[in-house]
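Trainee: Heads up: the sequence lines are chains V and F, in that order.
Read left to right, the first sequence gives residues 1 to 350 (UniProt numbering).
Read left to right, the second sequence gives residues 1 to 350 (UniProt numbering).
Do not take every clue at face value.
If chains are identical, the list can't say which one is meant, so a pair holds when it fits in one copy or spans any two.
Stated by the list, open to error - Straight-line C-alpha distance at most 25 Å; calculated SDA-like pairs for lysine to any residue:
1) Lys241 to Asn266
2) Lys195 to Glu318
3) Lys92 to Phe19
4) Lys92 to Ile320
5) Lys62 to Thr274
6) Lys62 to Gln228
7) Lys241 to Gln269
8) Lys241 to Ser268
These aren't lab readings, by the way, just hints derived from the structure by calculation.
There are 2 protein chains.
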Amino acid sequence: MAQQVRNKQVILRDYVSGFPKESDMNIVDSTITLKLPQGSNELLLKKLYLSCDPYMRILMTKDTTAGLGAHTPGSLLNVEKLQPLIGYGVSKVLESGHQDYTKGDLVWGITKWEEYSLVPATGMCKIEHTDVPLSYYTGILAMPGLTAYAGFFEVGTPKKGENVFVSAASGAFGQLVGQFAKLTGCYVVGSAGSKEKVDLLKNKFGYDEAINYKEEQDLDAALKRYFQEGIDIYFENVGGKTLDAVLPNMRVHGRIHVCGMISQYNLSQPEGVTNLAHIIYKRIRMQGFITPDYYHFYTKFLEFILPLIREGKIVYVEDIAEGLENGPAALVGLFSGRNVGKQVVFVAHE
Amino acid sequence: MAQQVRNKQVILRDYVSGFPKESDMNIVDSTITLKLPQGSNELLLKKLYLSCDPYMRILMTKDTTAGLGAHTPGSLLNVEKLQPLIGYGVSKVLESGHQDYTKGDLVWGITKWEEYSLVPATGMCKIEHTDVPLSYYTGILAMPGLTAYAGFFEVGTPKKGENVFVSAASGAFGQLVGQFAKLTGCYVVGSAGSKEKVDLLKNKFGYDEAINYKEEQDLDAALKRYFQEGIDIYFENVGGKTLDAVLPNMRVHGRIHVCGMISQYNLSQPEGVTNLAHIIYKRIRMQGFITPDYYHFYTKFLEFILPLIREGKIVYVEDIAEGLENGPAALVGLFSGRNVGKQVVFVAHE
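Same shape as in the complex, but just chain V (with noise of 0.2 Å):
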């Protein structure tokens, strides 16, 4: 007879406004027979790691239409009420009914937030390689790796010399950036919000100069300081004011890589940004762009990150939380900064 276990799951208490609060989350028990059902081709997984990203308040939202939903199609699921929270998170396949996966193998992608689910075998990929921490693949080898590596060299083309600017600098994103600039020969600065992201950045990851937004008076007056001569790339993954302080500092034929909009997510009414008539003087480029569009850029990611982490040449800081009970504190800290680097929760080990 197949074995009940209890399934430990995170669930949306209630659709989200404002900002996320760990008790719009619910830790609650419920059971799972841990057998493939009959004929079925699914997996049968068990939750290693889990992702906390930014993206995933948007989904967190009752009113679609003011997220992903009209003429967006291919765009992720939004969580719906009392059901699991869904993200990226690393897996072990305890039963595969599919050809393609068998017991053991490790993957990752989209899933819910409980100890282990169910899941079609399409929309998960199989990890090769386990040389580097399996972490990694929710962050520097997952979504946010990719998404980076493709919003950094794909979406525009960035060039050695080029005054590159990265908001979120030290966070999932930023932090890979602000090192694939400087491996390009860019001249690149980053803002954070702690000094001990801004030592992070200037130390750990190599940033030329890095801001503390939160100790600027005039974030304007801080970009004049670090960029006399005006910026080539901004890597956008704040928006609002940041972006506002940023338009009118941007070069001729500037590119703005819109990544994300963190500060935004949780507002009601989103700030206004009154600058964009420089979009027109500087002939700037503002290129929206999310990573299920680069899916299939992957494999050459992985040829090109993994040698440099192996070298030692790309690091990557984690800032992981023990335990599915905590994953909503993780999740609700991302959106006040608490997190320094890339969010993980870990749930089991193997």
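Please arrange chain F on chain V, whose structure you already have, making use of the hints.
Mentor: Positioned in the frame of chain V, the structure of chain F alone reads:
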């Protein structure tokens, strides 16, 4: 002895803040010697038509860094206080010190708002085709035409069947973009600010649908009415609230071609645009452009547009003010939408 004649000028009384008023400009009589100085390689021009264009407002501000200033090489010159306005126009060469020009040549290019000017030959473009109205060399056959052409065809890649929205759709640029979109096989909707203009859009320029934005309580709802599947290309002429309404109605991989933001040029504090996160969700590309970057397309553009004009397949509506002394009112009228079609000032017959 050289002939001294009256040279009526429109001068900037003082730098403009807010909406420009006729009283910001003065009509003055100066004098000019209608003879090239000995050894000069310049051109002595008699003005025939002057062009009123929204960008001129930006150059009438003292604070150049707010406009086309910092990091903006290659842009247009600001107007100086107590000096004549500067803009595009059609002129006749009275005397030439330059080998490429002879007396009697017709030219278009940047010039001063005065009856006669001495100008460098560089920056003037010789008019070769005179079987079309000469005033067209302030509009369809000059900067606005080239801007509409390059901005529609070169900035993006419009495809048959795509959904196009154009703001300020009956203006110097918009009336052409709508016709270009129809020639490409697109579905195209325009917005304008009066019943007369909306009628022009549908009955003269071939727009599929037209929105009178002054009669719409809710521009978002109006856009949803005409774009049930979203907008592929937005040709942006106005900025502000219109852009904010358009963003959530864009389709995935939509493109916003940013030609101008006339609604914002007179505001000391531009309207904040709040819906920019859709740039990420929809992977939108926003690309600003200015005409000088596309001057090298001019010959190709003429080869495209002249046959269409001659065959009646493209029409162009002009609003011609009579006399340099009516120039200030014509220019100011752009910002209240008083003009119907391309605003031109007739200065003198050949």
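Trainee: Now tell me if each hint is right for this structure.
Mentor: Structure-based check of each hint:
| no. | hint | result |
| --- | --- | --- |
| 1 | Lys241 to Asn266 | both (14 Å within a copy, 22 Å between copies) |
| 2 | Lys195 to Glu318 | within (17 Å within a copy, 60 Å between copies) |
| 3 | Lys92 to Phe19 | neither (33 Å within a copy, 65 Å between copies) |
| 4 | Lys92 to Ile320 | within (19 Å within a copy, 74 Å between copies) |
| 5 | Lys62 to Thr274 | between (28 Å within a copy, 19 Å between copies) |
| 6 | Lys62 to Gln228 | between (44 Å within a copy, 22 Å between copies) |
| 7 | Lys241 to Gln269 | both (13 Å within a copy, 14 Å between copies) |
| 8 | Lys241 to Ser268 | both (16 Å within a copy, 17 Å between copies) |
Checked against the numbered hints listed earlier, the structure breaks hint 3 alone; every other hint is satisfied.
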